[in-house]
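Enquirer: Here is what each chain is made of, one letter per residue.
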Amino acid sequence: MARSSASSSERPSSGSTAAATRVYLDYAAFSPVDPRVVAVMRPFFEGGVGNPSAPHSLGLEARASLDGARAKLARLVGATPTGVVFTSGATEANNLAVKGLVSRGPGRHVVTSAVEHISVINACRDLEKHGVGVSYVGVSADGRVDPGAVADALRPDTALVSIMAANGEIGTVQPLRDIGRITRSRGVPFHVDAVNAAGRVPIAVDEWGIDLLTLSSNDLYGPPGAGALWVRPELKLSPIVLGGGQERGYRSGTENLPAIVGMGVAADLARAELQAEATRLAALRDRLLTGLVERVRGSRVTGALAGDRLPHHTSLVVPGVKADSVLLELDLRGVAASSGSACAALTGEPSHVLRAIGCDREAAEGSLCFTLGRWTTAAEIDYVIDVVPGVVERLRRLAP
Amino acid sequence: MPVVAPNKKIDCLGLFCPMPILKVREAMIPLTPGQVLEMLSDDPASEADMKSWTTRTGHELLAIERDGAVFRFLVRKTK
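Protein chains in written order, with the working numbering: chain A, 1 to 400; chain B, 1 to 79.
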């Protein structure tokens, strides 16, 4: 078994003394915070630190820590540090990008895709309520946005193109470079929700013509409750949270310094370990995908394969079973996984992503998603490959 | 269109997917079969969502009316 590239990092403690096996394959929903990140954050909770806006020395030190985190995030995505605006998370960053940019400028049209995160989709729906036109570009059967379709959807009054870097439900990586070439040549700002991709695949904001980029702390193994929107310095937004003018006026409210410092450290670790970790996880991913598709009768992979897929992402549809039942059975056997979309799990409706790639309702009901992470081992993957086929067969026999 | 008096009304104005569907699902529980729920929503996605939800659950979507940005849905509980 390959040793983890993160072997210098001890595995986060489960907080339980029970020796029960717990295989955690739901990193897309929540990632344990790296203990190396927690160690750096601790002094920022325990005193001796001021408000970054305060004029005394403790405030100045806090300001320096904040700007250090800005630089670390910028380095991860090949951008200038001054563009980083810290937020409460990626949902807020996506809202700020979409609503903040469109409400500032004269343009009354947005181009996005049918597989975006719900925070981008609902921000666009909100704009629609105020008379802004939104084009939701469709995707291929493996979930890819066609850059030509983005070009065709552009109008003279298009204010923004917003396309995610990679999809969290089906793992497909989007052709950002090609889309960026089009938006740049047409002079339309390009927003990228990079939550699922950052730290997992390389991103080069300047080189690829990206103008706004959303990041999430927890998806980098940093603490939840922090995120960032990188904004090309020459662009102007209208803030959506008003107050004392922190973060260049784009996001008022005292900065969550411990979480932001943690996010910075997490970004640095992700950058240093990206290549080795992506290689290690891609091998485990392919072992899991192949193992499951071979052994679970009728199952098929959703999303793209190999280099067009996030290295930690495994998703498939299994006919003849309900995902909820499979997940419950897996939970009893110590495996935590998901059906892909929390939103769809709440309503019982097929997710918008699965609908967009042409899954019918029955296939969507049997959608399973295993997301691997920094502490996933080959032994855990083999355990899941062993357990899932039996669970599926048992449920199929029970089905009416 | 015949006038149907709803037995219950819920206001989902300002909410976005998935909230209108969740609120409808919750509001339908105490109704008896044959009773009608009215739901107001201004989420542009709610028309497609309500059609999909009623198809899946078998409840009867009696009417979709639109007044500007506001949709008014009438759903009859079937079972």
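Treat the hints with care, as some may be off.
No farther apart than 25 Å at their CA atoms in a straight line, the calculated lysine to any residue pairs in the SDA-like style are these [to be verified]: (1) A/236 <-> A/92; (2) B/8 <-> B/28; (3) A/129 <-> B/79; (4) B/51 <-> A/114; (5) B/79 <-> B/14; (6) B/51 <-> A/236.
Chain A side only, calculated, beta carbon under 8 Å to chain B, not exhaustive [claimed, not checked]: (7) 82; (8) 125; (9) 128; (10) 271; (11) 273; (12) 274; (13) 347.
Source of the hints: derived by calculation from the structure; they are not laboratory data. Bear in mind the structure is a predicted one, so any value in this text is a computation, not a measurement. Virtual Cβ for every residue (Gly too), placed ideally from N, Cα, C.
Enquirer: Hint by hint, note whether the structure agrees.
Expert: Structure-based check of all given hints:
With a CA separation close to 17 Å, the supplied pair residue 236 of chain A and residue 92 of chain A stays within the 25 Å bound. For the hint linking residue 8 of chain B to residue 28 of chain B, the alpha-carbon distance of about 9 Å falls within 25 Å, and the restraint holds. Among the hinted pairs, residue 129 of chain A with residue 79 of chain B is inconsistent with the structure: their alpha-carbon atoms are about 34 Å apart, more than 25 Å. For a cut-off of 25 Å, the pair hint linking residue 51 of chain B to residue 114 of chain A stands: about 18 Å separates their Cα positions.
With a C-alpha separation of about 29 Å, the suggested pair residue 79 of chain B and residue 14 of chain B falls outside the 25 Å cut-off, and the hint is violated. About 39 Å separates the Cα atoms of residue 51 of chain B and residue 236 of chain A, which puts this hinted pair outside 25 Å; it is violated. Restraint check, residue 82 of chain A versus chain B: the minimum CB separation of about 33 Å is more than 8 Å; hint violated. The beta carbon of residue 125 of chain A comes within 5 Å of a beta carbon in chain B, closer than 8 Å, and the hint placing it at the interface holds.
The beta carbon of residue 128 of chain A is positioned within 8 Å of a beta carbon in chain B (closest approach about 5 Å), and the interface hint is therefore held. For residue 271 of chain A, the suggested interface contact is broken, since its CB lies about 35 Å from the closest CB of chain B, more than 8 Å. Among the interface hints, the one on residue 273 of chain A is violated; its C-beta lies about 36 Å from the nearest C-beta in chain B, farther than the 8 Å criterion. At a threshold of 8 Å, the smallest CB-CB gap from residue 274 of chain A to chain B is about 34 Å, leaving the interface hint violated.
A hinted interface residue such as residue 347 of chain A counts as satisfied when its beta carbon comes closer than 8 Å to some beta carbon of chain B; here the least separation is about 4 Å, so the hint holds.
When held up to the earlier numbered hints, the structure conflicts with 3, 5, 6, 7, 10, 11, 12 and fits the remainder.
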